[in-house]
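What follows is the residue order along each chain.
Protein chains: 2
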Amino acid sequence: MSDQYEDQSLCPIVHSTGLVGDRWSILIVRELLMGQGRFQDLQAQTGATSQMLSARLKRLEADGIVERQTYSEKPLRYEYRLTAKGLHLMPVILALRTWGERWVKPEGAPAAVRMFHRVCGSELELDGNCPVCRRLAPWTEMAGRPDEAWLTERKTRAETFTENLKKAACGARESDQ
Amino acid sequence: MSDQYEDQSLCPIVHSTGLVGDRWSILIVRELLMGQGRFQDLQAQTGATSQMLSARLKRLEADGIVERQTYSEKPLRYEYRLTAKGLHLMPVILALRTWGERWVKPEGAPAAVRMFHRVCGSELELDGNCPVCRRLAPWTEMAGRPDEAWLTERKTRAETFTENLKKAACGARESDQ
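Protein sequences, first through last, are from chains X and B. Start counting the first sequence at -7; every next residue gets the next number (the numbering used here). Start counting the second sequence at -7; every next residue gets the next number (the numbering used here).
These aren't lab readings, by the way, just hints derived from the structure by calculation.
Since the list can't tell identical chains apart, any single copy or any two copies may satisfy a pair.
Under the rule of at most 35 Å between Cα atoms (straight-line distance), these lysine-lysine pairs were calculated in the DSBU-like manner:
1) Lys97 <-> Lys77
2) Lys147 <-> Lys158
3) Lys50 <-> Lys158
4) Lys50 <-> Lys97
Working from the sequences, and respecting the hints, build out all of it.
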């Protein structure tokens, strides 16, 4: 698709997918919404290579979706956070969640995250409807609670990633000798 | 990302973006939601090459999102339609629309599509809120009305596409001589 098409089109989908129309960007936004902002955590949880992740983060930063914040001066380390523009991608993530849970995931698998209505504390239905307030809850009134099974999956992924990093480092040292 | 990661993850975003985690698929779904189901129309409006479009449609069909229906026997011609699974991607498209209109499109550009609440006829706010019913309207209660400027953009795109096809056909005939 040419940039001209994108710049001149009135279609908001053309514009939004020009910025987050790929899987990695979506998975990065998912992680940042979960509060995972460090490079290695992002890499572990998305499964992206460091080159891929680095390129996507740079692009998301240039597009005003992500910002960097220093969390260590020596050594200099950043973590990534969503800007207001990035945070407003939450409804896109929620819509992908609803569809994925309902139409794609194997039957019987537990929901990764249960969503609750901050206003009344009830668990929301998959489409965001509150059974107590009898209305759709806006995303700003939602709070997510990850399922234990999903937390375990994430923990395992983080551990495997760290182990692999260590192995790679040992391999590099051995080949230096 | 390995298939193993995808198959085994509980995350619905991993599953949904495994099927529609690219821009072309999203733009195809947008067109099918607008009732454009013929190959050349899809090509004209998405800007995809015929190879790209063909590959994406095959994949969407294999994933149960799109189905083919014969509209001409001689010559044999199909048009594409969304299945129930595909139709339920509407909230994803709507969320990308809201974000694109609010955060990405140049200021002052008119909304491509105005959304109305079928229940009361009112125009919905950009986040889907009905100012009359004072609640978020579910997508199943929404009706879209494309803006004139966007219809003109689409018409121009269709005409340009047809002209280019004719030119290409003439070029091919000339080079045959």
